[in-house]
Amino acid sequence: MAKPNPEVDAEWIRTVVAQFERPLVMYALRLIGDLERARDVVQDAFLKLCREPRSKIEPYLAEWLYTVCRNRSLDVCRKESRVVRLAEGQLGVKVDLDADPSSSMEQRETKALVLTMVGELPEKQQEAIRLKFQHGLSYRQISKVMELTTSYVGYLIHAGLKTIRERMVDEETREDIGPVARIPGPSRTPPLPPPPRGNVGSGR
Amino acid sequence: MEHDLPALKRTAYALGELESAERAALEAELAQSPAARKEVAEVRQLAGVVASALASERIPGISEIQHLALESRIEQLSEEASEAARARVARQRMLFWIPTAIAACALLASSITLFMLSLKAQNTENPVVINSDPNAAKVEPARPRTSDIVKKYNEHLLAHPPLGTVAYFSPQVDTIVTPDKKNAEFHAFHNASITPLSSFPLTFDPKTYAFVQQFLERGTLPPKDAVYVEAMVNSYDYNVSTDQKQTEAILVRTEISDCPWRPGHRLARVTLKAKDAVTGEEVPVVADDVRVRVEFNPGRVSSYRLIGYENRWLMDGANPAEDRQPVKAGYRLTVLYEIVPTGVNARFEDAPGARLKYQRPAQLTHAANTDELFTVTLMYRSADDPLTKIVDVAAIDQNLRLADATGDFKFAAAVAQFGLLLMDSPAKGDAGYSSVRALAEQALGDDPRGQRADFLRIVAQAEKIVLN
Numbered sequence: 000m001a002k003p004n005p006e007v008d009a010e011w012i013r014t015v016v017a018q019f020e021r022p023l024v025m026y027a028l029r030l031i032g033d034l035e036r037a038r039d040v041v042q043d044a045f046l047k048l049c050r051e052p053r054s055k056i057e058p059y060l061a062e063w064l065y066t067v068c069r070n071r072s073l074d075v076c077r078k079e080s081r082v083v084r085l086a087e088g089q090l091g092v093k094v095d096l097d098a099d100p101s102s103s104m105e106q107r108e109t110k111a112l113v114l115t116m117v118g119e120l121p122e123k124q125q126e127a128i129r130l131k132f133q134h135g136l137s138y139r140q141i142s143k144v145m146e147l148t149t150s151y152v153g154y155l156i157h158a159g160l161k162t163i164r165e166r167m168v169d170e171e172t173r174e175d176i177g178p179v180a181r182i183p184g185p186s187r188t189p190p191l192p193p194p195p196r197g198n199v200g201s202g203r
Numbered sequence: 000m001e002h003d004l005p006a007l008k009r010t011a012y013a014l015g016e017l018e019s020a021e022r023a024a025l026e027a028e029l030a031q032s033p034a035a036r037k038e039v040a041e042v043r044q045l046a047g048v049v050a051s052a053l054a055s056e057r058i059p060g061i062s063e064i065q066h067l068a069l070e071s072r073i074e075q076l077s078e079e080a081s082e083a084a085r086a087r088v089a090r091q092r093m094l095f096w097i098p099t100a101i102a103a104c105a106l107l108a109s110s111i112t113l114f115m116l117s118l119k120a121q122n123t124e125n126p127v128v129i130n131s132d133p134n135a136a137k138v139e140p141a142r143p144r145t146s147d148i149v150k151k152y153n154e155h156l157l158a159h160p161p162l163g164t165v166a167y168f169s170p171q172v173d174t175i176v177t178p179d180k181k182n183a184e185f186h187a188f189h190n191a192s193i194t195p196l197s198s199f200p201l202t203f204d205p206k207t208y209a210f211v212q213q214f215l216e217r218g219t220l221p222p223k224d225a226v227y228v229e230a231m232v233n234s235y236d237y238n239v240s241t242d243q244k245q246t247e248a249i250l251v252r253t254e255i256s257d258c259p260w261r262p263g264h265r266l267a268r269v270t271l272k273a274k275d276a277v278t279g280e281e282v283p284v285v286a287d288d289v290r291v292r293v294e295f296n297p298g299r300v301s302s303y304r305l306i307g308y309e310n311r312w313l314m315d316g317a318n319p320a321e322d323r324q325p326v327k328a329g330y331r332l333t334v335l336y337e338i339v340p341t342g343v344n345a346r347f348e349d350a351p352g353a354r355l356k357y358q359r360p361a362q363l364t365h366a367a368n369t370d371e372l373f374t375v376t377l378m379y380r381s382a383d384d385p386l387t388k389i390v391d392v393a394a395i396d397q398n399l400r401l402a403d404a405t406g407d408f409k410f411a412a413a414v415a416q417f418g419l420l421l422m423d424s425p426a427k428g429d430a431g432y433s434s435v436r437a438l439a440e441q442a443l444g445d446d447p448r449g450q451r452a453d454f455l456r457i458v459a460q461a462e463k464i465v466l467n
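From first to last, the protein sequence lines stand for chains A and B. As numbered in numbering that gives the first Met the number 0, the first sequence has no gaps in its residue numbers, which increase by one up to the final residue, 203. As numbered in numbering that gives the first Met the number 0, the second sequence has no gaps in its residue numbers, which increase by one up to the final residue, 467.
Hint data in this document are derived by calculation from the structure and do not stem from the laboratory. Where hints are given, some of them may not hold.
Unchecked claim - Restricting the straight-line Cα-Cα distance to at most 25 Å, the calculated cross-link-like pairs of lysine to aspartate or glutamate (DMTMM-like) are:
1. A:Lys47 - B:Glu82
2. A:Lys123 - B:Glu56
3. B:Lys427 - B:Asp391
Stated by the list, open to error - The calculated label-pair distances, taken between Cβ atoms and stated as ranges, are:
4. B:Asp423 - A:Val168: 43 to 53 Å
5. A:Lys78 - B:Gly47: 31 to 41 Å
6. B:Leu196 - A:Asp97: 39 to 49 Å
7. B:Ala89 - A:Glu51: 24 to 34 Å
8. A:Asp97 - B:Val343: 29 to 39 Å
9. B:Ala402 - A:Asp97: 35 to 45 Å
10. A:Gln18 - B:Asp423: 18 to 28 Å
Yeah, the Cβ is synthetic: ideal placement off N, Cα and C, and Gly gets one too.
Given the sequences, and given the hints that come with them, work out the whole structure.
Listed below in structure tokens is the structure:
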């Protein structure tokens, strides 16, 4: 039987669960591509947290949790080669573009476009970009989680942002010639499909 | 990897990721270069856009049952930890007391002999509690842990899967997986013109309600999927009929009044009651192959919903044997239907036969023009007659207001409403704890076994958990 953890702090663990539950499921889901398995991974991470002394984990809490989820997710992917990566629309992620009622139609369209672009970045760039901008981790924390050097993390994020910016500029150029090409009207136009991959810079 | 190092540095700076020495160097560069300043500003703006786009993604957290499993693990660990702490304190105390104890031993030897003699004389049924150290950690009376309840509940589910479903064990989450009751299909209303016939199983699993109560007593709401309204409603006694000389093997009674959780809707209560055993006799089987069918009158009913039995659609046609049951003496069943009368919140597509491309509107019979909302048809073979008996009981809506309904009706409606709240049913309407309490309190009159007062206590527990 495992030795009792003398430092178990029930209230603290509950707070951690409440704070990290959704972000971690979101992170694991992107790695595994299956919501139920992602939830299992996150539950495992919290169970593991119960066995660790608070004083040891607390200073590195976020990177510890993300690392445990990442390793466990990769294990699951390795063991279950049958896990099929689902298309973005089938992951079970809901997009709530109207969360901020003050945002304009145009801002909402931009958000939708950016989400598409992030989804099309190379795997590692996407993971780093999400850890930085969705999960609020620092370069250093990301480097621990992804087991990379900080400078490589900096490169991944820089390259990802660069690709997104270039493609947004492409979109704006299209918009600029829009009045000629588009039928004017009050109806909302759906976000344009992203240009084919070949046009995009290699991330340099 | 080939990259533009200064640009990488500018991005890192813009995102607040540079160490102080590098930061100072870059700030010096920025002071000189408007282009570099512009680039930093652009990266910051883009970072803001990306962050706000990613923030609009939503995902559910871990499941309710996973939360429960986690919670029980936390509890177990804290208990183990405090146990270990107590043992440590006890060990230290013992070390302190050993020399004193040795000295005291000789003195005690004689008194122990006396004490033993006096014990023999005492009534041994009363245990002697010696609390030698008032500072010792207070020992709380053992109460069931959530983990134990979850474990027992899982064992029960595995041994008795809910009707028409298969429970299986998933080692991944260390729990039992059954169909998700939150599926809206389970709670849907049926159009009386298109699906006029309904039926219900004659059995239910009373143990599920015991688990619901254990969860509540432990201070947690039960998992929504563990709530079976039919089991809750039928866990209580009703005074179906005081008629001692029941001639029919099975008696059918109906009562219709306002639906407490949805203004305008009607609530129908159907009760089945088998003949009671004559005292002294062995419990006979009073009827075999019992089947029930309910036909709704589209002339009066726009749609209806069977309350409870949410996973019944899985078993439709799958195992007809479950619909043909033997019924023993003393058997009772209470079933509730929520009914939307015609003309109430009517939608065009709910009108009889409306919008149907391939059918004409249903041809209503003369009976459809009566005040009957539905007819319960009971089919069975009694022990002394091989021929199947068919009994039709029509349910007439006499526009009875809820205040004038019987205590049994109010109580069954209160229990059902409580169940809808616990399972957070999409069909719960305006259901609320105050309404549950008010209804049950009006029904306290016929409560010889104190069951209804006990129900109010259970409701209060749940309400307390919800309010916290």
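Outcome of the hint check:
For the proposed pair Lys47 of chain A and Glu82 of chain B, the alpha carbon gap of about 21 Å is at most 25 Å, so the pair holds. Taken as a hint, the Lys123 of chain A and Glu56 of chain B pair is honoured in the structure, with Cα atoms around 19 Å apart against an allowance of 25 Å. Simply put, Lys427 of chain B and Asp391 of chain B have alpha-carbon atoms about 31 Å apart, too far for the 25 Å limit, and the pair is violated. For the hinted restraint 43 to 53 Å between Asp423 of chain B and Val168 of chain A, the CB-CB distance of approximately 48 Å keeps it satisfied.
Range check, Lys78 of chain A to Gly47 of chain B: Cβ separation about 39 Å, and the 31 to 41 Å hint holds. Here the CB-CB span from Leu196 of chain B to Asp97 of chain A is close to 43 Å, well matched to the stated 39 to 49 Å. Remark: the range hint 24 to 34 Å for Ala89 of chain B to Glu51 of chain A is upheld by a beta-carbon distance near 27 Å. Checked against the hint of 29 to 39 Å, the pair Asp97 of chain A and Val343 of chain B passes, with Cβ atoms roughly 33 Å apart.
Evaluation of the 35 to 45 Å hint for Ala402 of chain B and Asp97 of chain A yields a pass: the beta carbon distance comes to about 44 Å. Remark: the range hint 18 to 28 Å for Gln18 of chain A to Asp423 of chain B is upheld by a beta-carbon distance near 24 Å.
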